[in-house]
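In the order they appear, the protein sequences are chains A and B.
If you're matching positions, the first sequence starts at 1 in my numbering and goes up one per residue.
If you're matching positions, the second sequence starts at 1 in my numbering and goes up one per residue.
Some clues are possibly wrong.
[Stated by the list, open to error] Once the Cα atoms are required to be at most 25 Å apart in a straight line, the calculated SDA-like pairs of lysine to any residue come out as:
| # | chain 1 | residue 1 | chain 2 | residue 2 |
| --- | --- | --- | --- | --- |
| 1 | B | K6 | A | E208 |
| 2 | A | K159 | B | A56 |
| 3 | A | K159 | B | K58 |
| 4 | B | K58 | A | T160 |
| 5 | B | K58 | A | A156 |
| 6 | A | K148 | B | V53 |
| 7 | A | K148 | B | D62 |
| 8 | B | K340 | A | G256 |
By construction, these hints were calculated from the structure, which means they are not laboratory data.
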Amino acid sequence: MSSRDDKVPKIMKQGRVAPWLYVAPALIVMSFFIVYPMVSTVLLSFRNADSTLPATAACIAGEPCWGIFENYRYALTSPIMLTAFRNNLLWILLMVSGTVAMGLLIAVLADRVRYERFAKAIIFLPMAISFVGAGVIWKFMYDYGSGKIQIGLLNAILKTVGVSAVSWLTQPGINNLALILVGIWMWTGFSMTILAAALRGVPTEIVEAARVDGATEWHVFWRIIVPVIMPTIAVVITTMVINVLKIFDIVYVMTGGNYGTEVIANRMYVEMYNSFQSGRATAIAVVLILVIIPAMIYNIRRFQEQEAIR
Amino acid sequence: MNTVNKINRFLAGLPTHVVVIAVCLLWLLPAFGLLVTSLRPFQDINDTGWWTVLSAPKGMADYTASCAACHGDDGKLIATADLTDPELIGKYPRSLQLMAMLRKEIDGKPHMEDMPAPEAQQAADIANYLRRISNIENPPRFTASNYVDALVGYRGTTTYAKDCAAGAQSLDLKCNIRDLLNPRGMGRAFLNTLAVALPATVLPILFAAFAAYAFSWLHFRGRMALFAVLVGLQVVPLQMTLVPISRIYAQVGLNGTFLGVWLFHTGFGLPYAIYLMRNFLGSLPRDLFESAYLDGASHWTAFHRLALPLSVPAIASLGIFQFLWVWNDLLVALVFLGGKNPVLTYQISNMVTSLGAGWHLLTAAAFISMLLPMIVFFSLQRFFVRGLLAGSVKG
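Next comes chain A alone, as it looks inside the complex (with noise of 0.2 Å):
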């Protein structure tokens, strides 16, 4: 038998070059599209907008200048940036606290009901669509009508209760909200069923030992039921957390990044598609995988400790 770290039978040992036949074209595509790009693009971030000359060229006598960081001088300190890093820290709030919190809650609830996968389904849906289809299922909810009619649910229940209509896509310090809303109504399915399935594992007997002893539901939940799953909270609030730096169809759709609705991703598109100054795009694409990157340490840690396991 082979050693504990190595599982592959001894009989299967093969040539040296068999392996790799197997796994280069895989290797081959990826070194290709994510790990040549990658590179490439950090050395595009200290180029100009067209990439020809180095981003000092870019400097304006007598204005600051961060010389061969000049792009990243864009990309952290502009006013433009800096309501992006402050809107996605918004987004990692709101909506990791918003999908977790209303994950566990019908994942808790919906296990007590018979009707749980139905309740589960529904929830789940829409992950299955795009962010486009929810951006539009959500602009048609927030719709402001100028006139008498509101034909937006949100603000025809707003005139019904007698307060004056809000136009919830351009109105500062409401549009925020309203964008992470609709994050939250497509991921709570995503924290739900992985949620779920940890609450499964929780041991029976020790939740039932605690009722014995006159533990209140509040109590089990508290006390044993989140310490249970609390590492799986945290692989969903990781998940999440990269997904919210990443959100670019939302905020593209429904604002396009106007009225102080800004985020990382979009504004490296707008820099890139719109605007042709591929510097400072490429600076961003780089902010944003600097701050993926613990992230990433994290996952591989994570997988490390389960191979060690296995």
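Mind docking chain B on chain A? Use the hints.
For chain B alone, coordinates are given in the frame of chain A:
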């Protein structure tokens, strides 16, 4: 005692039911509104909210308040002023004409006698209602014409069917089956999306199956390290690669081609695909492969006669995941396909941002784009959830 227990248990469970059902209804409501709207005639969509679709027609209440006393509920009570007569009603298409009529005297007495005349908005609604009961303009509550218009890319002011019947269609429409391929329409976009999504699903799975087999059952140097890198690559944002790839594509002429998008999706789908396939293949019993090898099977035989057939569940999960991912993607389509071969998401985002299309087209288009994902989701939900649980961080 038993009944009391039952009632108690029911009451204890009641809050749970209320919360679950309420959340489910809230979740369904926005999509339901979209579906209802997409099935309403476009005249109605901007006049009344979708939730009023089953209530009395607009203007009926105002008519009852102001006119029914003399003209009757059905408008036929006065023979000389039969309000269901199109000839008569045709003279008062708008509130202005109707108001003028109401101010005229009849037999020397005020038209409305001692009743207060309606306000302009009410008069407009009444005129609307009169056109409805006189059958001048009586759109049905529900219609499929929005879907037809969206599919063929109709952008006129009536409907595709009406324009074609009158021979007044715009130049890019032929009024035959070929209109489904109109570049502006969702029909063409649907086919384009299929053309993108199918190969972009099959290719990465194929490549991933080979690699995953090697990562689980073949031994080579750096296997674990390489796999750890792969785990890391799963979360690399698309944004990191767009600029260099679009430059290369521009040089070799792959911009706007299906091939370019297939390859890009393959590259980006692979890390997750290999990860999922390897987790599945690696958990198959080792005896299986050992005995196959003892029986004289080569690695190639073990791969395509043993590993591949056994990993059908994993391939199903992966296939659904990748298919929906590609189907729903906007960014890659926007950058590498653009308007040359527009896909569904691209068309819809264009319709939203350029404001060229009203809600009737937009809602129908959105629903067309969701149809296939929903069918896939409901028929194969099991596999979808399994793929998700296998640990997904993608994009």
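Index of numbered hints that the structure contradicts, given in increasing order: Structure breaks no hint.
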